[in-house]
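Taken in sequence, the protein lines are chains A and B.
Residue numbering for the first sequence follows my numbering, beginning at 8 and increasing consecutively.
Residue numbering for the second sequence follows my numbering, beginning at 8 and increasing consecutively.
Treat the hints with care, as some may be off.
What the hints assert, rightly or not - Pairwise CB distance ranges (calculated):
#: 1; chain 1: A; residue 1: Q199; chain 2: B; residue 2: Y214; range: 31 to 37 Å
#: 2; chain 1: B; residue 1: A51; chain 2: A; residue 2: W107; range: 56 to 62 Å
#: 3; chain 1: B; residue 1: P189; chain 2: A; residue 2: T46; range: 28 to 34 Å
#: 4; chain 1: A; residue 1: P84; chain 2: B; residue 2: R83; range: 49 to 55 Å
#: 5; chain 1: A; residue 1: G277; chain 2: B; residue 2: R83; range: 35 to 41 Å
#: 6; chain 1: A; residue 1: Q190; chain 2: B; residue 2: R112; range: 35 to 41 Å
#: 7; chain 1: B; residue 1: P189; chain 2: A; residue 2: S304; range: 29 to 35 Å
If you are wondering where the hints come from, they were derived from the structure by calculation, not from laboratory data.
For every residue, glycine included, the Cβ atom is placed at its ideal position computed from N, Cα and C.
There are 2 protein chains.
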Amino acid sequence: MTPTVLGLDGGGSKTRCLVVDAAGTILGRGEAAASNYQTVGGEAAYHAILDAIAAATAHQSLTIRAITLGLAGVGRPRDEQIVHDWLQLLQQDSRLPLIWELHPRGVRICPDCEIALVGGLGRDTGLATIAGTGAIAYGRNAAGQVARASGWGYLLGDEGSAYDIGRQGLRAVVRAADGRSPQTQLSDAICQNLGLDGVEDLVRRVYNPDWLPRDTAQLAPLVDQVARLGDAVATGILDEAAAELAIASRSVYQQLFRANHAVELVTLGGTWQSQGQLKQRFQQQLRESCPQIQVVSPRHDAVYGAVWLAARSIGWQSETFLPSFATMTEGI
Amino acid sequence: MTPTVLGLDGGGSKTRCLVVDAAGTILGRGEAAASNYQTVGGEAAYHAILDAIAAATAHQSLTIRAITLGLAGVGRPRDEQIVHDWLQLLQQDSRLPLIWELHPRGVRICPDCEIALVGGLGRDTGLATIAGTGAIAYGRNAAGQVARASGWGYLLGDEGSAYDIGRQGLRAVVRAADGRSPQTQLSDAICQNLGLDGVEDLVRRVYNPDWLPRDTAQLAPLVDQVARLGDAVATGILDEAAAELAIASRSVYQQLFRANHAVELVTLGGTWQSQGQLKQRFQQQLRESCPQIQVVSPRHDAVYGAVWLAARSIGWQSETFLPSFATMTEGI
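Only chain A is shown next, with the shape it has when bound in the complex:
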């Protein structure tokens, strides 16, 4: 029975699992449905986790020595307790023909931003600023303390997220129509993108029950594109979003690190991509106010962060393991 560690990334759209031996060789990969139990419910989340592990371990004689579960929607002690209970169930579940010989320090349940940070940086200290549909700044210091800012969802916060950028774009369009703000190329761009005859038609579209926060978020790349053409209103929206992401990142830095302590920050999530205007502005903001924070691009996917944490928890961070870990970035 080969001794292995298991890393799992349970997100709001899918769940992925990786199983690795002591030499750092990937023995299996599995993928299943979403496992954010706050949105899909406990039963569906449990089954997604079970399915992902089953797919990654199928037809193998494996002994699980350590497991790290990085899960969206898990942030508070009572969330972790629920997942601990699931882990008990998993060990008794006949659909997983595994030998569970978990090391006393071999179980870790954490929010998905923690494994994203570890995967993104290739180590477990530093900052991760995640901007997807939502936004959160997360950090961990050498003493193991963690802190976060933003990440309160589309109604309470998430400034700088794709949702926020899309919403500001929509607001700029109606403000221009009212004569409350300058004209902007966003008006034509957004109407065209949504197939509308004019701004008035926005109301029927946006208040339709089919319109979800992610539809607002999907307008963010358009704002980035229009900013790239030199439109002042769109540029202003991205400047504001970049400033908000910088404020959240700085707040986490100040909670965890001494002034002037050099630290890496990894930018994660789809909102950073598009045409790059947001990231450029964010880096500029941080360079000016916090030069000790170095912005880097992601080194590995979050699921590798989960494996790395699991491996390290049982002392598998040998030099021979690390290089082979680096080769695991070939996608799952």
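We have chain A; now place chain B onto it with these hints.
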């Protein structure tokens, strides 16, 4: 058969009807359910209007010479066409034993903010800045031109509305918890108001499907209250809301009136009330930037505005009619 005019105020929560004779005497009052057809649907809206008219005219031999329907959710030509069709149906409806002898100019279908302006000012020119759950600035000049700004609903606009103020209050609380913004007395005030143990519990409350935009709006008076205690964050939110309402009002003014043309602006809606901090700040903003706009308190309810418009459309604006109209403010 007494000749009468009929005014109807069809809102998002109820529909009210008033029937008045040529001497300005109120012959009947009726109330029914909501008639915003965008939210309750066409059939329910039609029946609410029918019910309100039936209640106002019951057991009387009346001839209807003019009717003004001021309706929430009506703003575009195709909305008006729908209501014109309803009016045809009403005239054939056997549940209304009325004689319909409508004057050629005796039918008016308009958005509810128009009758609110007329009732609020007691005339049909000027500005009305409405701040309830939503917010809109509306105006009409002597040439009969109308303009509006804001009023795009909670997602696209409505800056300065109770929803907007409540949302900014919630955001200030989570920002303070993150260390992204100054501490504020709003944190305790909002948690206490919602019966929460702490800010972390906001997430579960606010993203529960039961939480509606009006629940966010209901926090606005609390922000006003905390501002009154001198809290800088709450004061900043109200300053921003007041500035936004002033921008919308100015935009409407500039669309309709020559520079320096003196005009009255009536403030309507529940958000202006609370502790008065918002209105104070709004008046200050306008005094500085637009001294030719005089802010006044509402003189009559919107349903009287509807009656006034109906009466005037058939030449009932005699001096004997107007004073008796003034006595109609005793509530419906």
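Hints, one by one, checked against the model:
1. A:Q199 <-> B:Y214: 31 to 37 Å: holds (32 Å)
2. B:A51 <-> A:W107: 56 to 62 Å: holds (59 Å)
3. B:P189 <-> A:T46: 28 to 34 Å: holds (32 Å)
4. A:P84 <-> B:R83: 49 to 55 Å: Given a distance of about 53 Å, which is inside 49 to 55 Å, the answer is holds.
5. A:G277 <-> B:R83: 35 to 41 Å: Cβ of G277 of chain A to Cβ of R83 of chain B: about 36 Å, so the range 35 to 41 Å holds.
6. A:Q190 <-> B:R112: 35 to 41 Å: Taking Cβ atoms as reference, Q190 of chain A and R112 of chain B lie about 38 Å apart, which means the hint holds.
7. B:P189 <-> A:S304: 29 to 35 Å: Roughly 34 Å apart at Cβ, these two residues keep to the hinted range, so it holds.
When the structure is compared with the earlier hints, no violation turns up for any of them.
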